[in-house]
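Dock chain B against chain A, hints included.
For the protein sequence lines, the chains are A and B, in the order given. Taking our numbering, the leading residue of the first sequence gets 1, the next gets one more, and so forth. Taking our numbering, the leading residue of the second sequence gets 1, the next gets one more, and so forth.
Honestly, I wouldn't trust all of these hints.
Any copy, or any two copies together, can satisfy a pair, since identical chains are not distinguished.
Unchecked claim - 25 angstroms max Cα-Cα, derived SDA-like pairs, lysine to any residue:
{"no.": "1", "residue 1": "K423", "residue 2": "G512"}
{"no.": "2", "residue 1": "K334", "residue 2": "S387"}
{"no.": "3", "residue 1": "K473", "residue 2": "R101"}
{"no.": "4", "residue 1": "K423", "residue 2": "R437"}
{"no.": "5", "residue 1": "K350", "residue 2": "A401"}
{"no.": "6", "residue 1": "K334", "residue 2": "R236"}
{"no.": "7", "residue 1": "K423", "residue 2": "D445"}
{"no.": "8", "residue 1": "K473", "residue 2": "T429"}
{"no.": "9", "residue 1": "K397", "residue 2": "W446"}
{"no.": "10", "residue 1": "K473", "residue 2": "W434"}
{"no.": "11", "residue 1": "K423", "residue 2": "S53"}
{"no.": "12", "residue 1": "K473", "residue 2": "T369"}
{"no.": "13", "residue 1": "K473", "residue 2": "S161"}
{"no.": "14", "residue 1": "K473", "residue 2": "P531"}
{"no.": "15", "residue 1": "K350", "residue 2": "D203"}
Since the hints were derived computationally from the structure, they do not count as laboratory data. Please read all numbers here as calculations on a predicted model, not as lab measurements.
Number of protein chains: 2
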Amino acid sequence: MTIASSRRAIGAAVWVISLTACGTGSAPPKLANPPVVSTPITVQHAVIPAPSSIVMATGQSFLIDSSTTITVDAPGAQRVEAQHVADQLAALLWAPAERARRAALAAPSGTMQLTLDPAHVELAEEGYRLDVTSTGVRILAATPAGLFYATQSLRQLLPVSVEYPAAAQRVLRVNATTIRDLPRYEWRGAMLDVARHFLPLRDVEHFVDLMALYKLNRLHLHLADDQGWRIEIVSRPNLTAVGGSTQVGGGAGGYYSQREYRELVAYAAARFVTIIPEIDMPGHTNAALASYAALNCDNTARPLYTGTNVGFSSFCVESDSTYALVSDVVRELKALSPGGYFHMGGDEVKTLTPTQYRGFVDRVQGIATANNMRLIGWADIAPARLSPTTIVQHWSKDSLALHVARGGKVIASPGSKTYLDMKYDNATTLGLSWAGRIEVKDVYDWDPTLVTGATPESLLGVEAPLWSETVTKIADAEFLAFPRLAAIAEVGWSERNARAWETFRFRLAAHGPRLQALGVNFYRSPQIPWP
Amino acid sequence: MTIASSRRAIGAAVWVISLTACGTGSAPPKLANPPVVSTPITVQHAVIPAPSSIVMATGQSFLIDSSTTITVDAPGAQRVEAQHVADQLAALLWAPAERARRAALAAPSGTMQLTLDPAHVELAEEGYRLDVTSTGVRILAATPAGLFYATQSLRQLLPVSVEYPAAAQRVLRVNATTIRDLPRYEWRGAMLDVARHFLPLRDVEHFVDLMALYKLNRLHLHLADDQGWRIEIVSRPNLTAVGGSTQVGGGAGGYYSQREYRELVAYAAARFVTIIPEIDMPGHTNAALASYAALNCDNTARPLYTGTNVGFSSFCVESDSTYALVSDVVRELKALSPGGYFHMGGDEVKTLTPTQYRGFVDRVQGIATANNMRLIGWADIAPARLSPTTIVQHWSKDSLALHVARGGKVIASPGSKTYLDMKYDNATTLGLSWAGRIEVKDVYDWDPTLVTGATPESLLGVEAPLWSETVTKIADAEFLAFPRLAAIAEVGWSERNARAWETFRFRLAAHGPRLQALGVNFYRSPQIPWP
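If we strip away everything but chain A, and leave its shape as in the complex, we get (with noise of 0.2 angstroms):
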């Protein structure tokens, strides 16, 4: 299906698009059941990532009322996972005494129905349907995660009153629709640099939370730079005693213990976002270094630093310390991740020869292939004997296409597109520049195929980047990622026919009410007709 022309409405937030035909994206996962469309049928909506195929019908609705419920169907093995589903819905909708009175009603009216059935294989491990009409609204997925994205697009299709939970007279009215929706790519990401400043992880779940809405999948956290070490290894106590001390400015710093982020894996699994640790190394390791004098060369601990400088430090690649090292932390971070993700990094090392850093990138994946977790690190490590099961990220000029060579498969991040600490513009006052200024538009018209040397097959994914020089808390990180991680969300999940900078500048725009309400400090760009 694609999006063959559009104009705006009458009225702020409403616009039509007209749907003429069924298209093929670039190799999409094919839909067993294609809905016959009338040509042209017109939609008003605002979901964003744009869905597969979307029609809305005209002069119907469903109302939420006082006894609508919620019902799940779904097999033994996936029926808790289901119910959370519902129950996170049901949360969205109804207060927590609402919500206890409507599940002791005897005679429900209009009901919402989720079923989960892993027959339907065409709608893969991320895709859905959601129908309303006037009677309900019914989700069908194969999958919790499917599920879990067609409430999702309910949420986008619901009134902004739905954010508010206490707002009065609250009309939670949906029209009409039809959705077939699966994602075009299987990575879908964001990263928080909490290494440079700190974020606390009650802010970092909140990030999860918006994640979420756009149907982002990966949350990878920069755990580890010269500035600071935040995640607690039991066996390793130094690397958050010392390591974890300070931070960019200087100041206390921080870190998660190992119980917060097993709540934050857990938070972000109950939403279907993977959490992807990364520790940099062999480079960017100053606080690290700072903990324990065997890492260095010179058995010399180093001073914490909080400047902002790169490419100064070093693991001292020839001690075994460090690769005692780099196995505790690894087998710690196992534990912690059901994920099986491991980030080395592995960028910006200035201070050893090509021999000695695709040396070190051996020995660390060789750790990592022992405690059976998925190698991932900037396509700066690319030259060195990759497994074809290692996943390179792609931020700048690098070598990614020997590992594409090779099979492997590659994450998309070019800085000039994706790095969400890129200032909008020559007015924005946080952020760098450095590897340019990054309007809404330049973001949302750029494609992942776009990357020099990945093909199509090599492709896993976007993720959008999210470095922390000059972000001090969660209202710099939101200003900076909003609204261009929904713009990066849509490049992620939506063909690249399916999507419009004409349409998606009239979405975004009915979003700006719904951020807001969920008390989101984004950036108003002169680019989106805000209402």
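Leaving out everything else, chain B in the frame of chain A:
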């Protein structure tokens, strides 16, 4: 000094105010040395609340450079407090590592001098002089509060990058400026209803930060209502164990431990904000009535309540148990409240006779007096036999004239003008509208002297209450409070003839980027020409 005319200058955030003459406000404290003004002088500033006098020189400025330091001159008794103000200014300007570097400088260049001299009685309790020249910044006040307010004005004269502590290439330059400033009213407050929906300590502290930016000095906390009791009373543990266990809509509720409350009181005091604790009684007490059966005339504990009706609950005013509890509460609050105020609420009592009600108020006043607390109540309490030292807070049609007649003081909080929980306009989803819809200009154009029955002598000041029926999180509170609270701050601080909507709206516009830098989820009123 009066602002006689204004016009907008070229550029979105620049405007010109012509100061033409020295005038007199409605009984303002007089400055000993009014500046000699060669009329007209053009000034460009965005200071809120508008200072009594501000003169900016063209072509001169002070650059806070790498060797600028802050020095303090204060008598021994006040040196610690004055130094603490200087430390807060330093924390605004420089990250911790940078502060440490400057503290070790052998040869500081430009200086910022804070002088506290109690002999300058013309500056009273909260006034200050601020002189920025090309060679430095000089601040003079008679109290630590005055020093602090001078630093808040200086902050607002600095570019918005001052609010981004880690921004790259921050240039902190201040135009040469002379300010002499005194507040109109001693009571400039806001109220948060943490009873209907609870707010965590950290969020309230953030709110205090924002109040301080606008020189507000009273934070009234509505700590108990039908839906929740939010302050630990050690001698009455059920009040929080039971009464604090839920809130509007159900769910967990919450409360402040005495340790947390002390932390909040100290945090606010460091920003010259006094916390005013309110325990609403005899009505609005269902949470207490659910906690202790003996507070009910039928000796039966009430069920917890999570709705939003009012007027149905009351302490048993004939029972000694009631006064025993009130005594315990007031005694413990006294120990937590260096401000010495106790707010008894007293509003919307619908189940008692007038005689019963007045008798109850009399006894609570006696308990407050016995505990050396100054009593405050909503002006509903005025018909009781109040002491002239008791303060009444006007909110609707009430009997405040009775209290004015006995020489008592009044806080002006009319619902139709100052209630921050009222919607801005018909399009506002959050909030209520029973007292009207209140846009920024409605607040700004109002004046406390317009309150029927209040006299200039009786007016202690203004306060803007934010009731939380619809407010579930700090982002909601921020949306409703800002920018209206900035308008209230100017109403409370600036003489009536020193303020005008046409200058305020341009000054407020320039605060948009500053509020965004601070992560404030403020309402983008269409009345304000935001940049």
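Comparing the hints with the structure gives:
In the homo-oligomer, the alpha carbons of K423 and G512 lie at most 25 angstroms apart both inside one protomer (20 angstroms) and across protomers (18 angstroms), since each shortest distance falls under that limit. Taking CA atoms no more than 25 angstroms apart as the test, K334 paired with S387 passes inside one copy only; the shortest distance there is 19 angstroms, against 69 angstroms between copies. Within a single copy, K473 and R101 get their C-alpha atoms only as close as 39 angstroms, which misses the 25 angstroms cut-off; across copies the closest is 23 angstroms, which meets it. Proximity of K423 and R437 under a CA criterion of 25 angstroms is satisfied intra-copy only: 5 angstroms inside one chain copy versus 37 angstroms between copies.
Only within a single protomer do K350 and A401 lie at most 25 angstroms apart by alpha-carbon distance; the minimum there is 21 angstroms, versus 78 angstroms between protomers. For a Cα distance limit of 25 angstroms, the shortest separation of K334 from R236 inside one copy, 15 angstroms, qualifies, whereas the shortest one across copies, 48 angstroms, does not. For the homomeric pair K423 and D445, the shortest alpha-carbon distance inside one copy (17 angstroms) is at most 25 angstroms, but the shortest distance between copies (38 angstroms) is not. Proximity of K473 and T429 under a CA criterion of 25 angstroms is satisfied intra-copy only: 15 angstroms inside one chain copy versus 28 angstroms between copies.
Taking CA atoms no more than 25 angstroms apart as the test, K397 paired with W446 passes inside one copy only; the shortest distance there is 17 angstroms, against 60 angstroms between copies. Taking identical chains as interchangeable, the C-alpha atoms of K473 and W434 lie at most 25 angstroms apart only when both belong to the same chain, with a minimum of 22 angstroms there against 37 angstroms between chains. Taking the shortest Cα distances, K423 and S53 never come within 25 angstroms of each other, neither inside one copy (34 angstroms) nor across copies (38 angstroms). Taking CA atoms no more than 25 angstroms apart as the test, K473 paired with T369 passes in neither setting, with 36 angstroms inside one copy and 45 angstroms between copies.
When the C-alpha separation of K473 and S161 is checked against a cutoff of 25 angstroms, the pair qualifies only between copies, where the shortest distance is 15 angstroms, while the shortest distance within a copy is 27 angstroms. Taking identical chains as interchangeable, the C-alpha atoms of K473 and P531 lie at most 25 angstroms apart only when they sit on different chains, with a minimum of 23 angstroms there against 27 angstroms within one chain. Neither within a single protomer nor between protomers do K350 and D203 lie at most 25 angstroms apart by alpha-carbon distance, with minima of 33 angstroms and 43 angstroms respectively.
When the structure is compared with the earlier hints, violations turn up for hints 11, 12, 15 and for no others.
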